[in-house]
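**Student:** Please take these sequences and the hints and turn them into a complete structure.
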Amino acid sequence: MKWIACELHSHTFHSDGRQTLHELAAGAKALGFDCIALTDHNTMTGLMDKETVQDETGITIISGMEWTTFYGHMATIGVKEFVDWRPVGPGDIHAGLKRVHASGGIAGMAHPFRMGSPICTGCFWEFKIEDWNDLDYIEVWSGTFPSIKSDNARAFQLWTDKLNEGYRIAATSGRDWHVQSTTDEPVSVTYLSLEEGDAQATEKAVRAVAAGRASVTIGPLLTMDIVCGGSAYGIGSIISREALEFGCSVNLFADFSVRQGLWELTDQTYSLRVVGNTGIIHECSITRENSYCQFEMNGIEAIWARAELWGIVRGVHVLIAFTNAVYFD
Amino acid sequence: MRRILLETQGEVSPVCSKSHITYKFHISEPGGKLCIHFAYGPKNLEDRELSKTLVYESIEKYIEPSRRELVQAKWESYLPLKNLITVSVDDPDSHRGAGHRHDPEQLLHLSMKDASPGLISGPIHSGMWEVTLSLHAVVTDQCKFSLNIWQEEE
Ligand SMILES: [Zn+2]
Ligand SMILES: [Zn+2]
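The listed protein sequences derive, respectively, from chains A and B. For the first sequence, my numbering begins at 212 and goes up steadily by one. For the second sequence, my numbering begins at 1245 and goes up steadily by one.
Be aware that one or more of the hints could be misleading.
Derived coverage of chain B by chain A (criterion: at least 3 residues anywhere in the stretch with Cβ under 8 Å from a Cβ of chain A; other residues may be distant) [to be verified]:
| no. | segment |
| --- | --- |
| 1 | 1260–1268 |
| 2 | 1295–1302 |
| 3 | 1324–1337 |
| 4 | 1344–1355 |
| 5 | 1361–1370 |
| 6 | 1373–1380 |
Derived DSSO-like pairs (lysine-lysine); straight-line CA-CA distance at most 30 Å [as the list claims (entries may be wrong)]:
| no. | chain 1 | residue 1 | chain 2 | residue 2 |
| --- | --- | --- | --- | --- |
| 7 | A | Lys261 | B | Lys1357 |
| 8 | B | Lys1318 | B | Lys1262 |
| 9 | A | Lys360 | B | Lys1296 |
| 10 | A | Lys291 | B | Lys1262 |
| 11 | A | Lys360 | B | Lys1326 |
Think of the hints as simulated: they come from the structure by calculation, not from any bench. Since the structure is predicted, the reported quantities are computational estimates derived from the model, not experimental observations. Note that CB positions come from ideal geometry on N, CA and C, so glycine has one too.
**Tutor:** What follows is the structure, given as structure tokens:
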């Protein structure tokens, strides 16, 4: 499987962004991205030149729209056409989700804990969710240098809480990119693992998010592969209890070669952990030069596990990268 | 030639926040360019005391208890509080886009040939059209708006 670098939350002047789709895609290219999702507020007209811009920049562009409602901002990607947000009240989000799914798209909470109305209208998620299975993902990291922001810590915790409750829900990052301006803050990347096959790259990317084949980072690409009795399971997989009985070997790798020269971390010993609902399952130390970690896992109580890479960035001990979960059933 | 389709003014207040106002109007002659001029004001809430009250209410509502004091100390960084009303358009058959942006005055158009950013170009059919004002936030005691819609030759 191939990993591609994606920016899943962006805007153009078709809503309140200050950039064209071409400027956005060229900017993404310069930052080492392979793919962007255009998620303008309540309109999809920014996608008019999608094919041309894809050809000119080589960036894969996923059609999307940010439902910019009074009760929450919901990123929708992979939608074929406009899905109307206006009929939806605070208790009706499931009706909206149903229409997004019917249109071929998936939906995630965008920046769910950002200050809400009237400071940032609808930015704080207030929709009542009756069934978390209907929601495909949570944008747990929003903006640049996301891992130090308290709103993101809450979103990350919300995701963890839902995993603990047994929901299989994906986590992504999104810059909420409105303008081409340089930042010296670390930029987050959502890497997606695309399946083989003839489907369009955009379709594969959306399916990767939906299946949680995603790894989020402000630096190296963190991967976790689990091999149980000869079968290999990637991030997002469900591993049955029977398969676990064979005993599994867990292979963790932080790929420091991605997006060469486009990010920087001071040389250090990083802490690489596998965590689940039962706490820390395994912990090892890695460096840039020696960034593999492998361990045997026999019998597991947890219902999910993810990998996390911790280290010092700009003098602060932070989460640098995390994978989506694997699930044990 | 300019054919006036709708001319209206209105006034909304904070209780109108999170509501929509939809105008339905009839286009009898198809074709040409549909133009929409929408303006509202004031944009900003100038009343400092009221702003402080509203920011503090938001902090209470959106920030975890342990961080509230920290955020209260920088309450002024959230000023000015702003009204936000956005425009969307629907033709007799389908949705024709939206202009979700912060400008308090917008001159929008759509026609077969082109459309303002956010709006969808295409035929101007005859029939009942809709223009919807979405009141994301009204923070001033009153907010006046005007909406003028007309059709002209392309
Ligand atoms: Zn948003
Ligand atoms: Zn956004």
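**Student:** Report the numbers of all earlier hints that the structure fails to satisfy, in ascending order.
**Tutor:** none
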